Each structure stands twice: as structure tokens, then as C-alpha cells.
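**Student:** Just need the whole structure built from these sequences, with the hints factored in.
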Amino acid sequence: GENVEQHPSTLSVQEGDSAVIKCTYSDSASNYFPWYKQELGKRPQLIIDIRSNVGEKKDQRIAVTLNKTAKHFSLHITETQPEDSAVYFCAATSDRGSTLGRLYFGRGTQLTVWP
Amino acid sequence: DTEVTQTPKHLVMGMTNKKSLKCEQHMGHRAMYWYKQKAKKPPELMFVYSYEKLSINESVPSRFSPECPNSSLLNLHLHALQPEDSALYLCASSQDVPRNTGELFFGEGSRLTVL
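Same order as they appear, the protein sequences are chains A and B.
In the working numbering, each number is its position in the first sequence, counted from 1, plus 11.
In the working numbering, each number is its position in the second sequence, counted from 1, plus 85.
Quick caveat, the hints were computed from the structure, so don't treat them as lab data.
Mixed in with the good hints there might be a few duds.
[Unchecked claim] Only part of the chain B face toward chain A is listed, based on derived beta-carbon distances under 7 Å: (1) 127; (2) 130; (3) 136; (4) 188; (5) 193.
[Said to hold, decoys possible] Coverage of chain A stretches by chain B, computed from C-beta distances (three or more under 8 Å per stretch; other residues unrestricted): (6) 52-62; (7) 114-121.
From a predicted model like this one, the values you see are computed outputs, not experimental measurements.
Glycine included, C-beta positions come from ideal geometry on N, C-alpha and C.
**Tutor:** This is how it looks when you write it as C-alpha cells:
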């Protein structure tokens, strides 16, 4: 099955700085890579996703890049704000084969943005 | 309506009790999921229903019994649980499993404590 590694496990930044979280995956069949943000006591919520036919996607202060050859993808948050503080999970899945229906999560990154 | 609603929000039960968790969505999604999440860990997949049929059971102990009465409802029946089953149980839905490369919508979760 798929194995998703996520780094770092904790990340502290000053407000206004950028934050980068990196993930690697093992299954070359994976073709969909979502990122979820989970605030304390809340549900995971999708913040951005990317499919394997695209190398980069941006949504305001958030961007995701994908390198299929190296099997890694990254989340970039610019101009961080205290409300960005949360646990971020990367994930990978495929729309075919034995992974169908399974979303493989990374272990999560606790991001803290200091004012 | 983009909500997945879960009840109850909190549940405390003894090891001999029988209880149920309920989940409802009205987005017309045909895939529904149960995840278990321990503190500071990613969600772990338990069950997937696709078109009201169980399509994935991740080797979950039989003390957890899922049920999908119709396309909008998902239940998780609990019986003879152990203290280590205490966790946040998240329900999720997505448009379609065969084209699963789409957003998972999570409910707020049911926080279960087993005494």
C-alpha cells in the first residue's frame, strides 16, 4: 500500500513569515494529493489539493507543488497569521486499484504562528 | 448544505454498554466513511460505504459494526468496547468512490470515552 511521510512534525514561525511542509509518497499510482487543516477540537478541512497532471496550484496565500518524478509534494503558506496555527495533514490516494477509496495520511505537522 | 452532521458530540460508555454513533449528509454523496482519530494522530480509516454497500473494512474488530440504512445516513454500532477504543470518531462523505479523487467532507466528530 501507499506510505506517506510528512516533515516536520512541528513548525514554529513568526507572523508574516512563510511556512513549508513537505511530504513524500511511495506509490507511483497515487494521483490525488489533498491537504487538510485541523484546528484544535475541530474537524479536518480541505484547504488545497493537487492532481498528478499539475505541478503547482495556488490559492491566495497557500500553494502546493508536486514533483511526480521524486514523489514529493509540499505545502507553502506565505504571510502567515496566528489563525493559520493548526495541525496540517498531507494525504495521497489513487482513483484505481487496491487503494481505491483509501486516503493515506501523513502523520501531521503542528504549525504555530507567533504574533 | 455542505455539512456532515454527527451525533452525539460526546459519548461516555462502559465496556458492557451498547451505543450507536450517527452520521447524516444531504449533499447527494454516494460514498461515506468512518475514521478513528487519536490525539495528535492522523485519521485512520475504518469503513467505506459506496452506494450503500460496504466496500472497505480495514480489519476493524467486530465490536464496531457499521450500517448504512440509506444514501444519507451512516451508523456505527458499538458493543463491548475497550478503554483503548476511546477516540474521536469522524464520519466523512465524498461524491463518489470510483472517482474518489475528490474532496472528503468531515463531520465534527463524536468524542467517545470508554470507561
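**Student:** Compare the structure with each hint and give your call.
**Tutor:** Checked hints:
no. : hint    : in the structure
1   : 127     : holds (4 Å)
2   : 130     : holds (6 Å)
3   : 136     : violated (12 Å)
4   : 188     : holds (5 Å)
5   : 193     : holds (5 Å)
6   : 52-62   : holds (count 7)
7   : 114-121 : holds (count 6)
This entry does not satisfy hint 3, going by the numbered hints stated previously; all others are met.
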